[in-house]
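Student: Each chain is listed here by its residues.
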Amino acid sequence: MKKTEVCLTVNGVTHHLGLSPNALLLNVLRDELGLTGAKYGCGTGQCGLCTVLVNGRAVLSCLTLAVAVDGADIVTVEGLSRPDGSLDPIQEAFLDHGAIQCGYCTPAMVITAKDLLNRNAHPTEPEIREQIEGTLCRCTGYLSIVRAIKSCGDRAGAPAPRPSPMKKSR
Amino acid sequence: MNTRILKAEFDYFAPASIGEALALIAQNGPTARFIAGGTDLLVQMKLETVAPGCLISLMKISELSVLKREKGFLRIGAAVTWDRILAFGSEDRSYPALDDAVRCLGKVQVRRMGTIGGNLCTASPAADSAPALLVYDSRVRLVSARGRRTLLLDKYFLGVQQTARAADEIMTEIRIPAPRPDVGGAFQKLARVGADISKISCAVAVERKGRVCVSCRVAMGAVAPVPLMIRGVPEFLQEKTVTASLLVTAGRMISDEIRPITDVRSTAEYRKQVAGVLFRDVFQKAWTRAGGEP
Numbered sequence: 102m103k104k105t106e107v108c109l110t111v112n113g114v115t116h117h118l119g120l121s122p123n124a125l126l127l128n129v130l131r132d133e134l135g136l137t138g139a140k141y142g143c144g145t146g147q148c149g150l151c152t153v154l155v156n157g158r159a160v161l162s163c164l165t166l167a168v169a170v171d172g173a174d175i176v177t178v179e180g181l182s183r184p185d186g187s188l189d190p191i192q193e194a195f196l197d198h199g200a201i202q203c204g205y206c207t208p209a210m211v212i213t214a215k216d217l218l219n220r221n222a223h224p225t226e227p228e229i230r231e232q233i234e235g236t237l238c239r240c241t242g243y244l245s246i247v248r249a250i251k252s253c254g255d256r257a258g259a260p261a262p263r264p265s266p267m268k269k270s271r
Numbered sequence: 133m134n135t136r137i138l139k140a141e142f143d144y145f146a147p148a149s150i151g152e153a154l155a156l157i158a159q160n161g162p163t164a165r166f167i168a169g170g171t172d173l174l175v176q177m178k179l180e181t182v183a184p185g186c187l188i189s190l191m192k193i194s195e196l197s198v199l200k201r202e203k204g205f206l207r208i209g210a211a212v213t214w215d216r217i218l219a220f221g222s223e224d225r226s227y228p229a230l231d232d233a234v235r236c237l238g239k240v241q242v243r244r245m246g247t248i249g250g251n252l253c254t255a256s257p258a259a260d261s262a263p264a265l266l267v268y269d270s271r272v273r274l275v276s277a278r279g280r281r282t283l284l285l286d287k288y289f290l291g292v293q294q295t296a297r298a299a300d301e302i303m304t305e306i307r308i309p310a311p312r313p314d315v316g317g318a319f320q321k322l323a324r325v326g327a328d329i330s331k332i333s334c335a336v337a338v339e340r341k342g343r344v345c346v347s348c349r350v351a352m353g354a355v356a357p358v359p360l361m362i363r364g365v366p367e368f369l370q371e372k373t374v375t376a377s378l379l380v381t382a383g384r385m386i387s388d389e390i391r392p393i394t395d396v397r398s399t400a401e402y403r404k405q406v407a408g409v410l411f412r413d414v415f416q417k418a419w420t421r422a423g424g425e426p
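First to last, the protein sequences are chains A and B.
So for the first sequence, the numbering used here puts the first residue at 102; every next one is plus one.
So for the second sequence, the numbering used here puts the first residue at 133; every next one is plus one.
Derived by calculation from the structure, the hints in this document are not laboratory data.
There may be inaccurate statements among the hints.
[As the list claims (entries may be wrong)] Simulated crosslink set (DSS-like; lysine-lysine; CA at most 27 Å straight-line):
(1) A/103 - B/192
(2) B/341 - B/372
(3) B/192 - B/203
(4) B/203 - B/287
(5) B/287 - A/104
(6) B/200 - A/103
(7) B/192 - B/139
(8) B/200 - B/287
(9) B/404 - B/372
(10) B/139 - B/287
(11) A/104 - B/139
[Claimed, not checked] To spell it out: a stretch of chain B is covered by chain A in this simulated footprint if at least three of its residues, at any positions, have a beta carbon under 8 Å from a beta carbon of chain A; those stretches are:
(12) 236–250
(13) 360–368
Every residue, glycine too, gets a C-beta built ideally from N, C-alpha and C.
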């Protein structure tokens, strides 16, 4: 199989890698770049543990061909903390609320939450639950996880009213 | 089965135009496959149920990502991802059944990756978008080296993962006619958890005048080898005053018409039993949305 050059900007650092078409983004991150935050869970798109941000959107890295995201900007959990090592507010919130048990789902959960908070600074509980629906926690620590994400939204500033511009359903 | 890696070896192309994609499928022989979001095809490749020698990605072709209203139709490019359709639906409430379907179609990550064309090309009998698109009388546009054609979605599904699309044909877009006024729509599915594959699903579009059902369309998923257009009930309900007992009879007709199987998600018996109830719930929702008298 011919290797092609793939350019990936991961957590702000640009990498030029020679990759086979069958290289999956998850394995490139973990095995080539040593970023082991994103986890292998089911490999078939059911557990969500391999979730990373590709161009700001949470996707499953175990079902993403690295060649298909050539030129993309990728953020893994390792990229959330600031250069001085201080944590992102969502990471702090997970710690504050004990939203971590075995920790295996935590990187994906944090990234999935980040994806929501980037679009919606004050998500409601139903919105949070819908967002994390596809990211499984085998410790079943969902209540703390939901509370952590909620607190992060509450902390993000004055609680904004969330008018819904819904027109009449037809 | 090791699903951590993709063992299969293949060539990969990401053409920028339809012409280029058609040339590539012709050059790379019968084992070449088109790929869109990959949420289904890559799983099948990991499980070694398919082994394409060449993947031709359709995600860089701008023509396939159109999403706009034009000349009485909503045009949705085949490579449009579900999250875009969801965002469109929250602005434009013309197709609430489709909106309902997209909301429960998968988890957020899959809605970011998966495409409407991919869903229709995979052609699972349980594809959640299919019943909703069927009740809106949608058409699919296909293109190959032989030319372009438009098919009614109702004529497109042929069997379990079998469609009228030839292997060298690209689905370019889905066209949904603008609904008539006073048409309400709804979709609902039964599944173990929200983002799961349906045990059974139902979509209804109903045109209402006061308490009279002027016309309706009903389609169901996971009850037959194809997403199924229901034939008997629309005729039965046409121009009738809608009452609870009328809908009970219609529900029984649906249970009789469907041809479900028993599989890992449910049994044929349960699907038959629940189909009529599900229909009534979905019809009621569509009916309320259609407005008119309460």
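Student: Quick check: which numbered hints come out false for this structure?
Tutor: Violated: hints 5, 6, 10 and 13.
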